[in-house]
Structures are given as C-alpha cells and as structure tokens.
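**Student:** Residue numbers (full-length UniProt numbering), protein chains in the order written: chain A, 1 to 323; chain B, 1 to 340; chain C, 1 to 372.
Careful, some of the hints might be misleading.
Stated by the list, open to error - The calculated DSS-like cross-link candidates involving lysine-lysine, where the alpha carbons are at most 25 angstroms apart (straight line), are: (1) LYS182(B) x LYS316(B); (2) LYS316(B) x LYS326(B); (3) LYS182(B) x LYS286(B); (4) LYS313(A) x LYS251(A); (5) LYS239(B) x LYS182(B); (6) LYS61(B) x LYS316(B); (7) LYS357(C) x LYS321(A); (8) LYS239(B) x LYS125(A); (9) LYS88(A) x LYS357(C).
Derived from the structure by calculation, the hints contain no laboratory data.
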Amino acid sequence: MENFELVILLLDATLRTSTPLILAALAGMFSERSGTINLALEGMMLGGAFAAAAVAYYAGSPWVGLLAAIAATIALSLLHGFACITHKGNQVVSGMAINILMSGFTALVGIALFAQGGKTPALDKASRFQPITLPGAEAVRDVPILGPIYFELLSGHNILVYIAFFAVPAAWWVMYRTRFGLRLRAVGENPGAVDTAGISVVLMRYRAVVCSGVLVGMSGAYLSTAQGASFLQDMTAGKGYIALAAMVFGKWRPFPALFACLLFGFLDAAATRLQGVILPGIGEVPVQLVQALPYVLTVILLAGFIGRATPPKALGRAYVKER
Amino acid sequence: MQRKPLLGAIAVLSAFLPGIIATSSPSFADETIKPAVVYSTGGKFDGAFNQSAFTGAEKFKTDTGIDYREFELRNDTQSQQAIRTFARDGHDPVVVIGFQQASALAEVAPEFPETRFAIVDMVVDQPNVQSVVFREHEGSFIVGMLAAMASNSNTIGAVGGMDIPLIRRMTCGYQLGAHYAKPDANVLVNFVGTTGAAWNDPIRGGELTKTQIGKGADVVLQLAGGTGIGVLQAASDAKILGIGSDANQNGLHPGQVLTSMVKHVDVAVYEAFKAARDGNWQPGIKSLGLAEGGIDWALDENNRDLMTDDMEVAAKKAKADIISGKITIHDYMIDNTCPN
Amino acid sequence: MSNVVQLPRWIDVGVLPLLNLLLALVVSALLVLAIGENPVEVVEILLYGAFGYDEAWGYTLYYTTNFVFTGLSFAVAFHCGLFNIGAEGQAYVGGLGVTLAALYLDFLPFPLMLVVGMMAAAIFGAAWAYIPAYLQARRGSHIVITTIMFNFIASSLMVYLLVNVLRPQGSMTPESEQIAEHLRLPFIHDMAAAFGIDMASSPLNLSFVYAIAASILVWMFIWHTRWGYAIRTVGANAVAATYGGIDPGRYIIIAMMISGALASFMALNEVMGVQHRLLIDFTAGYGFVGIAVALMGRNHPFGIFLAALLFGMLYQGGAELSFEIPTISNDMVVVIQGLVILFTGAMEHMFRPRVTKIYTAWRLRRDRMEAA
Numbered sequence: 001m002e003n004f005e006l007v008i009l010l011l012d013a014t015l016r017t018s019t020p021l022i023l024a025a026l027a028g029m030f031s032e033r034s035g036t037i038n039l040a041l042e043g044m045m046l047g048g049a050f051a052a053a054a055v056a057y058y059a060g061s062p063w064v065g066l067l068a069a070i071a072a073t074i075a076l077s078l079l080h081g082f083a084c085i086t087h088k089g090n091q092v093v094s095g096m097a098i099n100i101l102m103s104g105f106t107a108l109v110g111i112a113l114f115a116q117g118g119k120t121p122a123l124d125k126a127s128r129f130q131p132i133t134l135p136g137a138e139a140v141r142d143v144p145i146l147g148p149i150y151f152e153l154l155s156g157h158n159i160l161v162y163i164a165f166f167a168v169p170a171a172w173w174v175m176y177r178t179r180f181g182l183r184l185r186a187v188g189e190n191p192g193a194v195d196t197a198g199i200s201v202v203l204m205r206y207r208a209v210v211c212s213g214v215l216v217g218m219s220g221a222y223l224s225t226a227q228g229a230s231f232l233q234d235m236t237a238g239k240g241y242i243a244l245a246a247m248v249f250g251k252w253r254p255f256p257a258l259f260a261c262l263l264f265g266f267l268d269a270a271a272t273r274l275q276g277v278i279l280p281g282i283g284e285v286p287v288q289l290v291q292a293l294p295y296v297l298t299v300i301l302l303a304g305f306i307g308r309a310t311p312p313k314a315l316g317r318a319y320v321k322e323r
Numbered sequence: 001m002q003r004k005p006l007l008g009a010i011a012v013l014s015a016f017l018p019g020i021i022a023t024s025s026p027s028f029a030d031e032t033i034k035p036a037v038v039y040s041t042g043g044k045f046d047g048a049f050n051q052s053a054f055t056g057a058e059k060f061k062t063d064t065g066i067d068y069r070e071f072e073l074r075n076d077t078q079s080q081q082a083i084r085t086f087a088r089d090g091h092d093p094v095v096v097i098g099f100q101q102a103s104a105l106a107e108v109a110p111e112f113p114e115t116r117f118a119i120v121d122m123v124v125d126q127p128n129v130q131s132v133v134f135r136e137h138e139g140s141f142i143v144g145m146l147a148a149m150a151s152n153s154n155t156i157g158a159v160g161g162m163d164i165p166l167i168r169r170m171t172c173g174y175q176l177g178a179h180y181a182k183p184d185a186n187v188l189v190n191f192v193g194t195t196g197a198a199w200n201d202p203i204r205g206g207e208l209t210k211t212q213i214g215k216g217a218d219v220v221l222q223l224a225g226g227t228g229i230g231v232l233q234a235a236s237d238a239k240i241l242g243i244g245s246d247a248n249q250n251g252l253h254p255g256q257v258l259t260s261m262v263k264h265v266d267v268a269v270y271e272a273f274k275a276a277r278d279g280n281w282q283p284g285i286k287s288l289g290l291a292e293g294g295i296d297w298a299l300d301e302n303n304r305d306l307m308t309d310d311m312e313v314a315a316k317k318a319k320a321d322i323i324s325g326k327i328t329i330h331d332y333m334i335d336n337t338c339p340n
Numbered sequence: 001m002s003n004v005v006q007l008p009r010w011i012d013v014g015v016l017p018l019l020n021l022l023l024a025l026v027v028s029a030l031l032v033l034a035i036g037e038n039p040v041e042v043v044e045i046l047l048y049g050a051f052g053y054d055e056a057w058g059y060t061l062y063y064t065t066n067f068v069f070t071g072l073s074f075a076v077a078f079h080c081g082l083f084n085i086g087a088e089g090q091a092y093v094g095g096l097g098v099t100l101a102a103l104y105l106d107f108l109p110f111p112l113m114l115v116v117g118m119m120a121a122a123i124f125g126a127a128w129a130y131i132p133a134y135l136q137a138r139r140g141s142h143i144v145i146t147t148i149m150f151n152f153i154a155s156s157l158m159v160y161l162l163v164n165v166l167r168p169q170g171s172m173t174p175e176s177e178q179i180a181e182h183l184r185l186p187f188i189h190d191m192a193a194a195f196g197i198d199m200a201s202s203p204l205n206l207s208f209v210y211a212i213a214a215s216i217l218v219w220m221f222i223w224h225t226r227w228g229y230a231i232r233t234v235g236a237n238a239v240a241a242t243y244g245g246i247d248p249g250r251y252i253i254i255a256m257m258i259s260g261a262l263a264s265f266m267a268l269n270e271v272m273g274v275q276h277r278l279l280i281d282f283t284a285g286y287g288f289v290g291i292a293v294a295l296m297g298r299n300h301p302f303g304i305f306l307a308a309l310l311f312g313m314l315y316q317g318g319a320e321l322s323f324e325i326p327t328i329s330n331d332m333v334v335v336i337q338g339l340v341i342l343f344t345g346a347m348e349h350m351f352r353p354r355v356t357k358i359y360t361a362w363r364l365r366r367d368r369m370e371a372a
C-alpha cells in the first residue's frame, strides 16, 4: 500500500513537471510542421515566464499575467518569423539569438524594475494560479485505490495543467481535421505546391509561429505563476530544449510528443526524488544519469536505432518563389 | 599553492595605477575603511543566507555612515575575479560569503597580503583571512525538537540544498533533535542537487516538499538558501508548517512558518567590518554557536500563536543545556556519519 | 533576388557586418536609455573597464583567447555547412582531458606537458564531436539537435565526475584537485617580468599566443590544403561534391572533429592557464559566444580575431560595468551578444538589398560621370 502511494505521488509530480514540456513541445510542433525550425522555445519560455510574473505582480491577477506572457511570446515569435520567413535568415541562428537575448534581457529588465538581482518579487495567492479541487474529490478520498488516484493524481492541479492536457487532442484536431492544419502541414512538406494553389506560404508560416507563441507563452506562465511563485534568472534551465527533444522524440506528432513529455517529466521527477537517496541493494543512484536520459534517448532515436524520426521535408528552408 | 612573492608585489603596485587609491594598512584604527562584500550565487535577495549578510552590511552602513561595495556572483567562476577586483581597487576588508568561494579566496588572499579578508562558512588558512564558521547543528537540533513537538502526523521533513557535509550536519542535528523530543518521530530528508544550482531552484525545492507532504510530513525545514523560498511556499500552499533557516523567515508566510533556525551571518559581516574599522581585526577561525549568539531560533509575533508553552520551555531548556554542555550534539562533519 | 549584383568585397565583409553591429549597438543603447541610465556613460565605463588600465588589457585579451578558440570552432564546421552548437560541451569534455592529463601525468616536465595537455584536450573534444558528426554523416541525424543534446549530456557527465570521482576527499565544492604548479601555463606578466618588463598581473597566459597560432593554422588549413578545399566544397554543395568524387560524410566527420578540438583548446586557457583546476560550468557560455564571434567575423580567422577582441572587450568592460552601475549587470553583455547574433546572423540579409541599391546607383553615377 505504501508503495502504491509512492507511485501515485511520483505520477502526480510527473504531471506537474511535464506540463510546461507539453505546452512547449506542441508549440514547437506547430512551428516546425510549417517548416520553421524553432530552437527559440527556451528563450520564449523564459520571456513568457518573466512577463507573466512581472505583470501578475503589478496587476494582482494570474490571468493578466498569462495574457502578458502570451503577448510577449507572440512578439518573439514574430521576431523569429521576421528573421526567418521575411528575411530568409538562418532559422537555427535566429533561434539561438533569441535564446541568448532573452537570457540577458529578462535579467536586465528584472533588475531595472525590481532591483532584486533579476528575480521578480514573490507573488501572493491572488496573483498565482491556485490548485483546483475537482468535484467529489474530498468525498472519494478514502476509497481504496480509486480514491487516491482521483484525489491525489487527477484533482488538485492548477488550471494550466488541465489546459496542457486538453491542448494535446485540440492540437491533434487542428492539425489533422481542419483545413488550417492541412495547409500548415502542406507548407512544411511542399511549399511550392501550396503556393501554386494560391495560398501564401509566408502568411501560413507566420500564422503557425503565432500559434507556437501562444502555446509557449502558457508554458512560461506556468513556471513563474503556477508551479513557482516568482521569476528567476534562467529559470527554464533547459526545459525548452527538453521540450524540443520531446517533440523530435514524438516525431512531430501531438500524442507521441505527449508521451515523450510524460516520460521526460517522469525521469525529472524521479531524479529529483532520488538525489542523495541510497536504495537498498543498488546503493546511491547516479542521479545525473537519470537526468541525462531524455537527451540520450533522443539522440538514439535520431540515430534511427529505435524507429525513424522524419522531420517535415521543407523544415529549415525559407521559401523562395520560383520564377 | 603559494604564489611567487613577485606576483604579490606586482599586484600591490597595480593598486597604485591612475584612478585607484589604495587605502588602509591593517595595523591601526582607521575611520576610512572601504569594505566590500561578495555574495554567493543565490544573490543578496535570496531571503536567506546572502540576504542576512546584506542586512549586516546595511546595518554597518546606517550605524557608521561608511558605505560599502558589493557583488553578486552569477556562477562560481566569477568569484576569483570579483574578489581580486575589490582587493585591487583598495577595498578592505573584503568579506566573501559561502563555502564555494573558499578556493578562489585561497588563491587571491596571498596576492594582497595587506588586505583583510573574511569568509563565512569555510576555513581558509591564510594570515590575512578571518574564517567564520557556525555550529549549525546546535540550531537544527532545537528546531528539530520543535518540529517533532508541533507535528500531528509524527512525520517531519527537511529539504537540503546541495548534498554536502555542511548541510548533512544540519539535517543530522535536526534528526537528533526530533528524536530527543519524540523518539519515534519519522524524519524525511531530501536534497535538491549536487552543484551550486541547488541553492537557486525554488521549483525543485517545492517539488520535494510536495512529495514529503504526500508522505505525511506536516512540518518541513528548509536548508537550501534561495531554493528554500519554494519549500516554504509549498508548505504554505498545502497549509502545513515550514521552518525557515539562515535568516528569520517567520514573516514570509505569517502563521505558516513554525520558526526559523537563525544563523547570524549579518553579525559576522557586521563584526568583520567593525573590527576592521576599530583596528582590532583578527585573522583565524571564529566558531559561532548558540553560546556566542551566532545561532538561534526565532520567536516573534508571526509565530507566537504556533508555539505552545511546552514547546517554548523545552526549546529554552535545550538551548541552556547545549550551552552548558549538558547536551552534546554529534557533529556530522567529524566522521561523516549520523548516529541513528 | 533576381538581379544578383556582385558587391565588392569591402562592402560584403566590411560595411555590411559593421552596419549590423551598429544596429545591435543602437538597440542596446536604447535599452540602456529605457532603464534610465546614460548610454554614453555606459560606453565610457565599458571602454575604461576594457582598456583603461594595464590589468584591464590582460583581462580583455584573456577573454579574447576563449572566443578565438570557440569562434574558430564554429567557423570550421560552418565551412562544411554544419552548425556546431556543441562547442560548449566539447570544451567542457576537453577540459576533462586536460585535467586528467595534468593530474595523472604530473611527473612530466612542462614542455612535454604542454604538448600532452593540448593533445588530451583535442582528443577529448574531438571525440565528443565525433558522435554527432558520425550520426550526421552516416545516419542523417540533424547535427543541430544532436550537438544541443550532447551539451546537456556533457553537463550531466561532468557533474557526475566532479561530484563523485574528481572531488578530493573532504572537499565540499565540486571541483577537481589543483594541478601541480610546474604544469600551469605561464602568465604573460610573469613571462614579461623574466625579460625585465613590468606588467600588471592578469589571467592572460601563454594560450593567447597559441590562439593566434591556431588562427593562422586554421586559415592555412581551410584555404590552402586539400582537406580544407574538400570541406569547403562539401559546405557549398554536398551533392556536387559527391559528383566531384568527394565523400561528404568523411569531411563532415573531419570538420566536426577539428571543430571539437578547437573548442576544447579553450580549456587550456581556463584549466591550465587560469583556474588551475576543473570547475563546474567553467565554459560559462563561451561556446555560444563563439557563434556570434564567427558570424561577425564572416568565418574568416582574421575577422574572428577582431570579433573575439570586441567580445573580449565587452566581457571585461561588462564586468567593470556591473561593479560601477548596479542597475546594469553584465547581462547587458549577454543582450548585446544576442542582438549581434540576431542582426549579423539571422538578419544578415536585411540591409543587403538597400546597400546593393545604393551601391549600384553610386556606380551608375560614377560610370556616367566618367563617360561625360
């Protein structure tokens, strides 16, 4: 029974740690399926986290903070689009530039506004997303097996966690069941054909990176106003890259990406809890190995040893009209 | 380890370059000292360790009107340059905060034999360095007692920052204190990481706290510098009790912080500045504990209602007993083990 | 796009990068204004901090040394058409090589150690670059993603080694033991003192000389050897290279290994030269600065040296800045770095049409005047 509870707790933590990954991985998917590499997830997430925490602090509402985060990440997406789509600049370089820029920019503005070494002031309850108790959770709490699953695991998360999990089927639906999604995938595979059909490749790609901005903005807001209670310098700590890895691992598809995020989130949650713990029979777990696993797995997948991850055909190439 | 004397000579010469005035020799009282502080990676607003140092420096400034300079490290590699820059610019005394800076200070101190340095939390054996260390296990023993007494579930937790003997010493004292008050108390201990990043990761701190709460803990002590903010936040969110450390953190979430294990880094910084100004600064090791007032537990209007008479009496008695030597607390750092 | 005008070289490698740099600096200045500080004062402090006193020069050139190595690293891979984002990890692992050599072969005399240290760094760095290179060349895995992944894997690996293996008994800081004194690279000020020249003490050391030598070697390699030619051919058009009898995979691997080795030489400066031990995160983002440096320097060793000097100046001046103006931290330098990559890298084509127009108009007028 005790082990069962431990598993529930670990899965509960997995949901919390994978939420920002899911949102960011979906964001990356929208951008990349339309043919624009998005290495800037890390920087955008950071920018979103900062905007959310700073604005929520002044406004006293997490929702206003969330809107600010989304606005900030849409702006960054447009900047990325301006460099890559309009000026046909190198997409990798643009992504790296945004990551480095935001790492410095958020700290610089944070110090100028709050003079707390790049942090934002701690947010009070009203300015953060609070846990939501699902209906009936208290009532079934003591029912064996199902009670803990419902009460501990499913109930008691904040709204952004539920949004993230809802976003996966929604993204699937948009991507595979709407005309917008069809065109979006088409500009990522064969922009020439889409252009011939009279649809603007440039406009389509801009719309895709804006979708990407909306999603990654939410993941940033989650870090600073839901999971945490303030912004910290470089608080994303590579989560944007992990999300990118999860997207690749999920072969640029929503549901496989979700599972990759859950797996990576689980590894992170487990690693956090295993730090300095000596397991009977095993000894001290090399936590660093667990932490490196998402990256190692992604490389193995990319190498084609466990299935093949095929990126969209036109990924990374600016569209040049043929004359 | 020892640098060539020539190096030091050049370093001193360079202090006389245009625009930079070297001041003060360590031998006599001096009203015009130019003190400086180098904070560790958590930054001076970590709400804990560094902030306490900041408080001490600020107090010195208001008391004496002598301004000071400060620098917050972004990563540990900056330490050497920061200390050297202050020393070169004629700052004296230079107080560095945190054990992570020890090797950097050991490198720089011999280059500036005329400059008085102090380091908190680690011993650097140089003729011009004062090393201030705390006997934290004395304080964590008392808060461990209080935690066990306040717990209804009989399960209490502690979240440490970096997994190092310094922090293990505190978790060990905490366990011993808990078992002293309640022999059957269940104590959970987790660590955030193995690098300096562990001091500045409130989200991971919060995650560990949530797990401990899930395992039944209803009092959780933070021993994690800037990460501890996340521990106390998670405790407050779950409506259980947190325990602060380093600074008095009772006011962060009034009514949700049982007490704080106060480590008077502020006093250490203040005393180092003051001694330098008064001309009675001494190198060597300064060990501060309950007896010297360097370590204490905090009781104020924010946690008054959480503290029963029994608890207060027990804590005060234990404090007196530790000072008198009636209770001796095992020091983890002597043999790297914790009895139990 | 249709009427491609060949711009003269001085515009291509001189005017355009300068315009882009200028734009980055103007945006930075606006940011300083927005924060409420005076940009002129900031520039003054930056320049004073970078060049204002003897020691500052030393620090500026010490940073420059790192950036030359990481810039060259990026450039060599770039000439082969590859984005090596992994300099950070390669340098980190290279540092492990240097440290192991210095700790376990400490009986070697210094001149021999110099060679062994270089080789150890190069072998470790090249090996770390080899895996992504092999995967790109033989299995088609996107090198950008794999090198990013390898940065993180390197970081985990090094934390593990520093915490569990290299940390001396009883030490709390995750760093290796100090390397023996006679194995350290001599400081430039010590070398000068031996000739009776008095210089302020700074971390500038022998590796700076090696950085200059490496720049020349890379220039010779890329433009004056058969391998260099093959690498550039693959970079220009891999398919055409295949028709020319060149195996692109082979040169992708060669270019990446050289790139990794160059990045790892940064560890000579940091580990053997300055810190004298292996520290957590000693690479401190210098690998990423290399991207900016290479892009600004147009992937030419001479340009890279100038760009590295610029960033060395920004880093040292930026450190001074954070001492002088508390509201502006050295994050300002990170912002400038990001803007430089954005404008000179991602938006390098932004000014080109306009400059081309101005240039053609000017040439037309000149031609007409000559005709008249």
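**Student:** Determine for every hint whether it applies to the structure shown.
**Tutor:** Outcome of the hint check:
Of the supplied pair hints, the one linking LYS182(B) and LYS316(B) holds, its CA atoms being roughly 17 angstroms apart against a limit of 25 angstroms. Between LYS316(B) and LYS326(B) the alpha-carbon distance is near 13 angstroms, which keeps this suggested pair within the 25 angstroms criterion. This hinted pair does not check out: LYS182(B) and LYS286(B) have alpha carbons roughly 33 angstroms apart, beyond 25 angstroms. For a cut-off of 25 angstroms, the pair hint linking LYS313(A) to LYS251(A) stands: about 13 angstroms separates their Cα positions.
This hinted pair checks out: LYS239(B) and LYS182(B) have alpha carbons roughly 23 angstroms apart, not beyond 25 angstroms. Proposed proximity of LYS61(B) and LYS316(B) is contradicted: the alpha carbons are some 33 angstroms apart, above 25 angstroms. Distance check on the hinted pair: LYS357(C) and LYS321(A) sit about 21 angstroms apart at the alpha-carbon level, within 25 angstroms; holds. Under the criterion of a C-alpha separation no larger than 25 angstroms, the hint pairing LYS239(B) with LYS125(A) is consistent with the structure, at around 12 angstroms.
Pair hint LYS88(A) plus LYS357(C) holds up; C-alpha atoms about 19 angstroms apart against a cutoff of 25 angstroms.
Violated hints for the displayed structure, listed by number in ascending order: 3, 6.
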